Amino acid sequence: MDLTSNETVKNIFITGLQNAHALEKEALQLMQRQVERFEHYPEMSDLLRTHIAETEGQVRRLDEMLHTFGEDRSLLKDMATQVMANMAAVGHMPMADEVLKNTFANHAFENFEIASYKSLITMAEAAGHQRFIPALQDTLREEEKTAQAIRDMIEPITRKYLMREAQGLKADR
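Residue numbers (the UniProt record's numbering): 1 to 173.
It should be emphasised that the hints constitute simulated quantities derived from the structure, not laboratory data.
Keep in mind the model is a prediction, meaning the values are calculated, not measured.
For each residue, glycine too, the CB sits at the ideal point set by N, CA and C.
Incorrect hints may have been included.
What the hints assert, rightly or not - EDC-like, lysine to aspartate or glutamate: derived pairs with alpha carbons at most 20 Å apart: (1) Lys10 - Asp63; (2) Lys118 - Glu64; (3) Lys101 - Glu165; (4) Lys160 - Glu64; (5) Lys160 - Asp172; (6) Lys10 - Asp97; (7) Lys101 - Glu155; (8) Lys170 - Glu43.
Claimed, not checked - Per label pair, the in silico range of CB-to-CB distance: (9) Gly57 - Asn11: 44 to 50 Å; (10) Asn6 - Ala166: 58 to 64 Å; (11) Ile133 - Thr158: 36 to 42 Å; (12) Gly128 - Glu43: 41 to 47 Å; (13) Arg151 - Thr15: 28 to 34 Å; (14) His40 - Ser119: 53 to 59 Å.
Put together the whole structure using the sequences plus the hints.
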């Protein structure tokens with residue numbers, strides 16, 4: 001069945017774009033909160049700063065796609081996900097192993113975004129909106145690169161955390 005002219009498929013794609021926009025706003029909130037707190041883990045702060053800049057570009061790309069349809073981001077979704085991001089960031093703050101919890105959460109979040117963009121690319125193809133695929137693929141590559149970088153940091157961050165704890169130094173963040 002050809003779905004390219006199906007209004008329902010188009011609306012699902014637009015909703016997917018709005019959801020991705022809200023997800024990226026949530027990611028920005030999480031990363032901005034964490035960058036402020038990673039005192040002893042500059043390698044993670046540097047990665048997050050780089051990805052914050054990428055994420056800001058991702059938000060702009062999503063805005064452009066939505067405007068093509070005469071749509072805007074979903075303010076309600078943006079607000080809800082930003083509140084959730086702040087709650088998640090605050091929830092890890094009192095933990096003795098805050099840096100580890102945030103590293104795990106960041107890795108999971110990046111993989112969630114990867115799945116989201118793979119789905120959006122499939123939706124764009126099905127809906128006949130091939131012109132958006134290159135921008136969505138750019139974002140997918142950025143998310144995959146960041147997920148891999150975080151994954152590669154899990155062991156070194158864990159070792160650094162253990163070493164600081166063993167030496168009686170502040171290790172949580």
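Self-check item: Distance restraint hint 28 to 34 Å, applied to the beta-carbon atoms of Arg151 and Thr15
Solution: holds, 30 Å
Self-check item: Distance restraint between Lys10 and Asp63, which requires alpha-carbon spacing of 20 Å or less
Solution: holds, 16 Å
Quiz prompt | Range agreement (Cβ of Asn11 with Cβ of Gly57, hint 44 to 50 Å) | solution = violated, 26 Å
Self-check item: CB-CB spacing for Glu43 and Gly128 relative to the 41 to 47 Å hint
Solution: Taking Cβ atoms as reference, Gly128 and Glu43 lie about 43 Å apart, which means the hint holds.
Quiz item: Under the criterion that the straight-line Cα-Cα distance not exceed 20 Å, is the pair Lys160, Asp172 satisfied?
Solution: holds, 11 Å
Quiz item: Straight-line Cα separation of Lys101 and Glu155 no greater than 20 Å?
Solution: Holds. Lys101 to Glu155 sits at ~13 Å (cutoff 20 Å).
Self-check item: Given pair status - Glu64, Lys160, alpha carbons within 20 Å
Solution: With a Cα-Cα distance of about 42 Å, the restraint between Lys160 and Glu64 is violated, given a limit of 20 Å.
Quiz item: Does 36 to 42 Å hold as the CB distance between Ile133 and Thr158, or does it fail?
Solution: 37 Å Cβ-Cβ, so the 36 to 42 Å window holds.
Quiz item: Is Lys101 close enough to Glu165, meaning Cα to Cα at most 20 Å?
Solution: holds, 15 Å
Exercise. Starting from the range 58 to 64 Å, see whether the pair Asn6 and Ala166 falls in it by beta-carbon distance.
Key: Holds, at about 60 Å.
Quiz item: Is it true that the CA of Lys118 sits at most 20 Å from the CA of Glu64?
Solution: It holds: about 19 Å lies between the C-alpha atoms, which stays within 20 Å.
Practice problem: Please work out if Lys170 and Glu43 have their alpha carbons no farther apart than 20 Å. | Solution: This hinted pair holds, its Cα atoms lying about 17 Å apart.
Going through the hint list in order, the structure does not satisfy hints 4, 6, 9 and 14.
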